[in-house]
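Colleague: Use the sequences and the hints to build the structure in full.
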Amino acid sequence: MLQRNRREIGRPLSSGQGGGDRLFGRGSDDIIFGDAWAITGLGRGGNDWLYGGNGNDTLYGDAFSFDFGASGGSDRLYGGKGSDTLYGDAFEARFSSGRGGNDWLDGGAGDDTLFGDVHNSDNFLSGGDDRLEGGKGNDTLYGDSFAEAVVDTGFGGNDQLYGGSGNDLLVGDDGFMIGSIGGNDRLDGGTGDDVLYGDTIFGMDPSCGNDLLIGGRGNDQLWGDGPANFFIQTGADQFLFARHSGQDVIFSFEIDKDVIQIEGYGYENFAALLPNIRDDDNGNAVVHLNGTVDQVTLLGVQTADLSAANFGFMGLSA
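The opening position of the sequence shown corresponds to residue 1 in UniProt numbering, with each subsequent residue numbered one higher.
FYI, nobody ran anything at the bench for these hints, they're computed from the structure. Where is the CB? At the ideal position from N, CA and C, for every residue including glycine. Be careful, since some hints might not be right.
[What the hints assert, rightly or not] Have a look at the derived ranges for each label pair, beta carbon to beta carbon:
| hint | residue 1 | residue 2 | range |
| --- | --- | --- | --- |
| 1 | Asp-29 | His-244 | 33 to 43 Å |
| 2 | Pro-227 | Val-259 | 16 to 26 Å |
| 3 | Glu-268 | Gln-233 | 26 to 36 Å |
| 4 | Arg-26 | Leu-274 | 55 to 65 Å |
| 5 | Glu-254 | Phe-95 | 33 to 43 Å |
| 6 | Asp-279 | Val-259 | 13 to 23 Å |
| 7 | Asp-256 | Val-293 | 24 to 34 Å |
Modeller: Written out as structure tokens, the structure reads:
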């Protein structure tokens, strides 16, 4: 079922602002647009509430397409039950110098895919400061977009991503970044075996943000910036491990920038922790937080490389 307001067919919103609408799906597979099919010029999406309900729904916080100076409203999207796809602003942004709205996306139950701003952007659009919650199921969350190709002036938003339960994929900014600048994001995998990328999966000349990655419970893989980046300007990232964090792996840990925050394991300082850091058979430093139950492996880093500057201690309770 297609839910739309009266502007949706044939009349792109080119000036002014869309209204603050509340749109509800039904039990079928719904497609809901918060404002219009396309927003162009100086148009701006309204601050809408969209509810998918049951079914495999597709929700667009503002429109399918942004063109030129269009900007998104600050929307709330709820997928509900089913495997939903949520776009905080639009599917695509073309030649747009506008900004995504500060959106709140909640996938609900099911295996959902959430985009804080758009699916793909070939322009100078800057991402909004979004909050994405996957909920139950194996979800995929992109803080800004799946693919962004900009030159120097595109900025990722400062996003908050929460995987919830299930085996989730969280990307702080974009799946693909070319020349853009990542935001300072917070990624929390929740329960399950999650994969977290602070900025991107693949990048050409990106400037990465200063991100906080929390694996949560489960055996997680954490990338402060991303695995396949060329001519990269890396960020200063933090990795937080609290009790019951599982057996996690940090990829591309940077000795001169990154910090591991440890909470709730009873360690007061680096001197107390150091006897529990040992290299494995492959020469990678393994931080044993409580024996062999909870541990963190730093690929490509040896114990001798680490210092007190690489660790912070947020709680002493054992």
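Colleague: State for each hint whether it applies.
Modeller: Going down the list of hints, with the structure as the test:
no.	hint	in the structure
1	Asp-29 x His-244: 33 to 43 Å	holds (37 Å)
2	Pro-227 x Val-259: 16 to 26 Å	holds (20 Å)
3	Glu-268 x Gln-233: 26 to 36 Å	holds (35 Å)
4	Arg-26 x Leu-274: 55 to 65 Å	holds (59 Å)
5	Glu-254 x Phe-95: 33 to 43 Å	holds (36 Å)
6	Asp-279 x Val-259: 13 to 23 Å	holds (20 Å)
7	Asp-256 x Val-293: 24 to 34 Å	holds (30 Å)
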